[in-house]
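Undergrad: Sequence:
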Amino acid sequence: MNKKALLFSSLLVSLLVVSLVYNIFLTLEVKELSERINSLSNDYLSKISELKEDINGIKSISKNVVNFSFNSLADLYDNVKESVVSIRVITRFGPFLTSGLGSGFIYKDYVITNYHVVAEAQDIEVVFYDGEGYKAEIVGKDPFSDLAVLKINTNRTLKSLSLGDSSKLRVGDPVIAIGNPFGLSGSLTFGIISQLGRTLETQTNPSYRIPNVIQIDANINPGNSGGPLLNLKGEVVGITTAIESLTGQSAGIGYAIPSNTIEREINDLITKGKYDHPYLGIYSIDLTVEIAKAMNSPYTKGVLIVEVIPNSPAAKAGLKGGDKYLQLGTTRVLIGGDIIVKINGKEIRNGDDLSYYLEEFTRPNMTINITIVRDGKEMEVKVTLGVRPEAPVS
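Take the position in the sequence shown, starting the count at 1, then add 25; the result is the number in this note's numbering.
Please keep in mind that the hints were generated in silico from the structure rather than gathered at the bench. Please read these numbers as outputs of a predicted model, since none were measured by experiment. Some hints could be false.
Mimicking DSS-like on lysine-lysine, the simulated pairs with C-alpha atoms at most 30 Å apart in a straight line are [stated by the list, open to error]:
1. K326 x K160
2. K258 x K341
3. K349 x K297
4. K326 x K349
5. K341 x K326
6. K299 x K349
7. K297 x K326
8. K349 x K258
9. K176 x K299
10. K258 x K106
11. K318 x K297
12. K184 x K258
13. K345 x K297
14. K160 x K133
15. K193 x K297
16. K258 x K326
17. K402 x K193
18. K133 x K299
19. K193 x K349
20. K193 x K299
21. K106 x K193
22. K299 x K318
23. K318 x K193
24. K371 x K349
25. K299 x K326
26. K106 x K176
27. K184 x K318
28. K160 x K193
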C-alpha cells in the first residue's frame with residue numbers, strides 16, 4: 026500500500042471515529058433534552074392543574090360574595106316568604122285559656138313546626154304572609170325530636186320549600202332565619218353556623234336529648250320556634266328550636282334541629298302520625314377520670330351504665346348497672362356498672378356520642394355490637410334494639 030492510500034485510510038478511520046463520537050454525543054444530548062422537556066411538561070401540567078383549582082376556588086368565593094349582597098338576601102326573602110307561616114295556638118290550663126305563638130314552613134302539602142309550639146293546643150291557626158289564616162290539625166308529632174306536622178284545609182296553592190343536606194354544613198356558613206318573633210311575622214335575621222353536633226334537651230321530655238343540633242348566632246326570640254333556617258340557596262337546613270338565654274330573649278346562641286332529621290322522619294310522621302326511635306333502655310352518665318379512678322378502670326372515656334331498665338333490650342342482653350355509690354362533693358353516683366366504649370366498632374366517648382350514634386345509624390329491631398368494659402376487661406355484647414316508649418324512662 027502506498028503512502029497516499031495509507032493516508033486516505035487513516036483519514037477515513039479518523040472521520041468515522043469522529044462521526045461515531047459525535048453521534049454518541051448527539052444521542053446523549055437529545056436524550057437529556059427530551060428528559061428535560063418531559064420534566065418541564067410535567068411541571069407545567071402540575072401548575073396548570075393548580076391554577077384550575079385556584080380559579081375554581083375564586084369562582085366559589087365569588088359566588089359567596091355575591092350571596093352576601095343585600096340585593097341577593099332581598100331576592101332570597103321574596104322567593105321564600107310565601108312558604109313561611111305564623112302559628113297561633115290556644116291552650117287550656119285548668120279553667121283558663123292561654124295563647125301562644127310560633128312559626129312554621131310549608132313542605133309539600135304540609136306545615137312543619139316544632140312539637141312544643143303545638144303541644145297540648147286545643148286550637149291551631151296557620152297565618153300566611155298576606156294575613157290569610159286557616160285552621161290546622163296535627164297529623165304527626167315527635168316529642169323526642171321536637172317536630173310536628175300540620176295539615177290545613179284550603180284550596181290555596183301552597184309553595185313548598187326544599188330540604189337541604191344539613192350534613193354538608195360547616196362552621197362559619199351563612200344562614201338566615203325567618204319567623205314570627207314576638208308576633209312580628211315574616212321577620213328575617215342573618216347569622217352564621219356557630220357550631221355543629223350540639224346536644225339539646227327536649228322541652229317536653231327532658232329525659233331525652235336531641236343529638237346533632239345546629240348552633241347559630243342569628244337572633245332567635247320567642248315566636249321564632251318552628252321557623253326555617255335557610256342556607257343562601259333558599260334550602261331548609263334546619264328548624265329553629267331554642268335559645269340559650271337567662272332572660273328568655275336572644276343572647277346570640279340559638280339552636281336548630283337539622284334538616285336531615287326532618288328528612289328522616291317526615292314520611293313516618295305523615296303516614297303513621299309518629300316516628301319510632303331506637304331504644305336501648307339504660308340510665309347512664311359520662312365516665313370521668315375521678316369515677317374511673319374510683320372503679321380502678323384504665324378507661325377514662327365512655328358511658329357508664331348507672332341502671333338498666335327492667336325488660337329493656339339492655340336488660341335482655343345482660344348489660345349491668347352500678348352496684349355501689351361514690352360520693353362526689355354533694356352528689357352520690359352509682360358506679361360499678363358496665364362502661365360502653367364502642368358500638369359496631371365506633372368509639373363512644375360520652376353520652377352525646379351514644380345518643381348521636383343510636384339516632385343517626387340505628388333503627389328499632391336492629392342488632393348492634395356494643396363493646397363494654399366490665400371488671401377492667403373489654404367484651405362484646407349483642408343487643409337488639411327496641412322501640413323507645415312514650416314514657417320518659419331512658
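Undergrad: Next, verify each hint and record whether it holds.
TA: Status of each hint after checking the structure:
1. K326 x K160: violated, 50 Å
2. K258 x K341: violated, 48 Å
3. K349 x K297: violated, 43 Å
4. K326 x K349: holds, 20 Å
5. K341 x K326: This hinted pair holds, its Cα atoms lying about 25 Å apart.
6. K299 x K349: Roughly 39 Å separates the two Cα atoms, so the pair is violated.
7. K297 x K326: Not OK: K297 and K326 at ~39 Å, beyond 30 Å, violated.
8. K349 x K258: Cα-Cα ~55 Å, so violated.
9. K176 x K299: Holds: K176 and K299 sit about 15 Å apart, inside 30 Å.
10. K258 x K106: It holds: about 14 Å lies between the C-alpha atoms, which stays within 30 Å.
11. K318 x K297: violated, 48 Å
12. K184 x K258: holds, 16 Å
13. K345 x K297: Violated, at roughly 35 Å.
14. K160 x K133: holds, 18 Å
15. K193 x K297: holds, 29 Å
16. K258 x K326: violated, 40 Å
17. K402 x K193: With a Cα-Cα distance of about 38 Å, the restraint between K402 and K193 is violated, given a limit of 30 Å.
18. K133 x K299: holds, 18 Å
19. K193 x K349: Between K193 and K349 the Cα gap is close to 44 Å, so the pair fails against 30 Å, i.e. violated.
20. K193 x K299: holds, 27 Å
21. K106 x K193: Answer holds: K106 to K193 is near 24 Å, not above 30 Å.
22. K299 x K318: violated, 43 Å
23. K318 x K193: violated, 40 Å
24. K371 x K349: holds, 29 Å
25. K299 x K326: Answer violated: K299 to K326 is near 34 Å, above 30 Å.
26. K106 x K176: holds, 19 Å
27. K184 x K318: violated, 58 Å
28. K160 x K193: Violated, because 36 Å separates the two Cα atoms, which is more than 30 Å.
Against the hints set out earlier in the document, violations occur for numbers 1, 2, 3, 6, 7, 8, 11, 13, 16, 17, 19, 22, 23, 25, 27, 28.
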